[in-house]
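Colleague: Each chain, written out:
2 protein chains.
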Amino acid sequence: MLNDTIKTILSHRSIRKFTDESLSDEQIKLLVESAQMASTSSFIQAYTIIGVEDHSKKTKLSELAGNQPYVETNGHFFVFCADLYRHRVGSELEETNVEDSLESTEKFMVSLIDASLAAQNAAIAAESMGLGICYIGGLRNDITKVSELLNLPDYVIPLFGLAVGVPATKSDQKPRLPIENVYYKDAYPSNKDTVTEGLHHYNDIISDYYHKRTSGKRSDRWTEQVSQMLSQPSRPDMKDFVNKKGFMKS
Amino acid sequence: MLNDTIKTILSHRSIRKFTDESLSDEQIKLLVESAQMASTSSFIQAYTIIGVEDHSKKTKLSELAGNQPYVETNGHFFVFCADLYRHRVGSELEETNVEDSLESTEKFMVSLIDASLAAQNAAIAAESMGLGICYIGGLRNDITKVSELLNLPDYVIPLFGLAVGVPATKSDQKPRLPIENVYYKDAYPSNKDTVTEGLHHYNDIISDYYHKRTSGKRSDRWTEQVSQMLSQPSRPDMKDFVNKKGFMKS
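Protein chains in written order, with this note's numbering: chain A, 1 to 250; chain B, 1 to 250.
Since the hints were made in silico from the structure, they are not lab data. Among the clues, some could well be false.
If chains are identical, the list can't say which one is meant, so a pair holds when it fits in one copy or spans any two.
[Unchecked claim] Result set (BS3-like, lysine-lysine): computed pairs, CA atoms no more than 30 Å apart in a straight line:
| hint | residue 1 | residue 2 |
| --- | --- | --- |
| 1 | Lys29 | Lys170 |
| 2 | Lys57 | Lys7 |
| 3 | Lys58 | Lys185 |
| 4 | Lys145 | Lys29 |
| 5 | Lys217 | Lys185 |
| 6 | Lys239 | Lys145 |
| 7 | Lys249 | Lys217 |
| 8 | Lys7 | Lys145 |
| 9 | Lys29 | Lys185 |
| 10 | Lys217 | Lys145 |
| 11 | Lys185 | Lys244 |
| 12 | Lys192 | Lys170 |
| 13 | Lys17 | Lys7 |
| 14 | Lys244 | Lys7 |
| 15 | Lys60 | Lys217 |
| 16 | Lys60 | Lys192 |
| 17 | Lys212 | Lys57 |
| 18 | Lys217 | Lys192 |
| 19 | Lys239 | Lys170 |
| 20 | Lys249 | Lys29 |
| 21 | Lys170 | Lys7 |
| 22 | Lys174 | Lys185 |
| 23 | Lys249 | Lys7 |
| 24 | Lys192 | Lys29 |
| 25 | Lys239 | Lys17 |
| 26 | Lys17 | Lys192 |
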C-alpha cells in the first residue's frame, strides 16, 4: 500500500539549506500547475502565486522574514497569496456588487484554505521530484512591507512563502503527535483528562527525542516549547493589516 | 518528469458519488499519518481530525451541509478542525498564560493553514491509492450545529469535511485559470487591465468548455458564475461563531 506518493509524503522534512541551483522553467510550471489542480471552494480559485526571481527582492524578503538565508538561497521562491481582487475586478465586468461577500470572515477563510491546499500540492510535487521545501511563515513578520514589495493590491494578502530547491543538508523528522491525540472517532473527547494524558505521553516522546539527539543535553517537553512560543502574542498587527486590505470586515 | 505523484495531482477531480465500500482501518491510519506529515508552523500542529463513522451523525452532517448525499455515503468521512484547545490545556501544565496569543488573528490564520496543508496531504494520499475525494465546505453552512454534533470545545472549530471513498462516477476536470493569470513573476501586475484581459481570456475558455459539454445549451462565463455566487454574502454568522469559540478576538 505504500506507493511512491505516500512514501514521498511520509518522508517529508523541511529543508533549511539549498544549493543555488535554479529550478528550470519547466519545473516551475509543473509546480504551479500542480498547485492549481487542488480543490477550490465553489471553483473560486482565491489565490495568486508570486515567483520571486529578482535577487534584491529575495534578499529583502529574507531580511523581512527574520534573516532566514534559505529565503535568499534556493532553487525558487514562491509567495502564496490569498486573492479576492480578481473576483472584485470580475464583478465590475458583470456589474455586480460583491463587496459584502468579499469582506466577510467566511471568504477570508475560503481564500486561506484555497491557497493552502494549492501550496501543499506544489510542495508534494516538488518533493516527488527529489527537491526540498520549506514554508516561510516568517513573511508575516512584516506583512505590510512584504505586501508593498510584491505590489499586492487590495483584496490580496501574502500568507507564506515556499522555498524550493536542491537540498544541501538532510534534516531529521521530529515525531508528530501520536495518532490517538490528533484523530478522534465521531466526537472530540468530552473528558479533558484524555487530552491532558495525551499531552503527557507526547511530552515523553519529544523529551526522549531531544535527549537522544543531544546526548542528554536537551529534554524539552512539547507543551513547554509551545507554551513558551505562545506566551508572547506574535504579529499583533495582523488584524489591522487584514482589515485594511479589505478582508474579514464582517 | 511526470512521475506518479505528479500524475496523481494533475488527475484530480472532485468525486461526488462513492460506493458504500468502507476504507480499512489501515487505510484510515495511513491517511491520517499522511496528513500529519505536512509542514506545521513552528511545530504547533494546530488541528484535529474527526473521523465520523456513526451513521446517524453522517446523516445529520449530510443534512447540515445542504443535503449532500456523498457526505452520508462514502468510504470514510473526515472533518478537519482548527484546534488550539490542545495548546490551551498544555499551557495549564506549564502554568503559562497563552490566551492573548491563542485569540489572535495570526494564530487563527496559522490554524487554518496548518489544517489545510494536512488535509491536502490526506487528499493526495487517498487519490494515490485510487480513491476519490471531495472537500465539503458546506459543513460551514450551520457551523454551530456541526460543532455541537462533534462535541468541539472552545478553541476548536470545524473547517471542512473530506469525503473519501471508491468513486462510483467519473467527473470532468474544469479548466483552471490560465497560468499567466494566477502566477506572476516578482510582483502583482500594476495595471488593472492585465487582470481584466486575463479574465476575458479565461471567460472564453470556460464558456467554450460549457458550450462543448452541453451541445451549446450553456455558455457561462467564469466571472458570471463567481459574481453571482458572491452577490449574496454566505454564512454571515461566521465571525460571531469564530469569536465565540475563542479565535480571532484581536
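Colleague: Compare the structure with each hint and give your call.
Modeller: Here is how each hint holds up against the structure:
1. Lys29 with Lys170: both (26 Å within a copy, 27 Å between copies)
2. Lys57 with Lys7: This pair counts as neither: shortest intra-copy Cα distance 35 Å, inter-copy 33 Å.
3. Lys58 with Lys185: So Lys58 and Lys185 pass the 30 Å test across copies only (12 Å; inside, 45 Å).
4. Lys145 with Lys29: within (27 Å within a copy, 42 Å between copies)
5. Lys217 with Lys185: Close neither inside one copy (38 Å) nor across copies (45 Å); limit 30 Å.
6. Lys239 with Lys145: both (15 Å within a copy, 27 Å between copies)
7. Lys249 with Lys217: neither (48 Å within a copy, 39 Å between copies)
8. Lys7 with Lys145: Cα proximity of Lys7 and Lys145: none, with 38 Å in one copy and 37 Å across.
9. Lys29 with Lys185: between (40 Å within a copy, 12 Å between copies)
10. Lys217 with Lys145: neither (39 Å within a copy, 48 Å between copies)
11. Lys185 with Lys244: So Lys185 and Lys244 pass the 30 Å test across copies only (25 Å; inside, 40 Å).
12. Lys192 with Lys170: Neither. Shortest intra-copy (38 Å) and inter-copy (43 Å) distances fail the 30 Å Cα cut-off.
13. Lys17 with Lys7: Both ways: Lys17 and Lys7 sit 22 Å apart in one copy and 28 Å across, limit 30 Å.
14. Lys244 with Lys7: neither (43 Å within a copy, 40 Å between copies)
15. Lys60 with Lys217: Neither, since 36 Å and 52 Å both go past 30 Å.
16. Lys60 with Lys192: Answer is between; shortest inter-copy Cα gap is 26 Å, intra-copy 45 Å.
17. Lys212 with Lys57: Neither: 40 Å inside a copy, 44 Å across copies.
18. Lys217 with Lys192: neither (32 Å within a copy, 57 Å between copies)
19. Lys239 with Lys170: Answer is neither; intra-copy 37 Å and inter-copy 42 Å both fail.
20. Lys249 with Lys29: Neither way: Lys249 and Lys29 sit 35 Å apart in one copy and 39 Å across, limit 30 Å.
21. Lys170 with Lys7: For Lys170 and Lys7, both the intra-copy (17 Å) and inter-copy (26 Å) Cα distances are at most 30 Å.
22. Lys174 with Lys185: This pair counts as within: shortest intra-copy Cα distance 25 Å, inter-copy 34 Å.
23. Lys249 with Lys7: Answer is neither; intra-copy 42 Å and inter-copy 40 Å both fail.
24. Lys192 with Lys29: between (47 Å within a copy, 24 Å between copies)
25. Lys239 with Lys17: neither (32 Å within a copy, 40 Å between copies)
26. Lys17 with Lys192: For Lys17 and Lys192, neither the intra-copy (41 Å) nor the inter-copy (37 Å) Cα distance is at most 30 Å.
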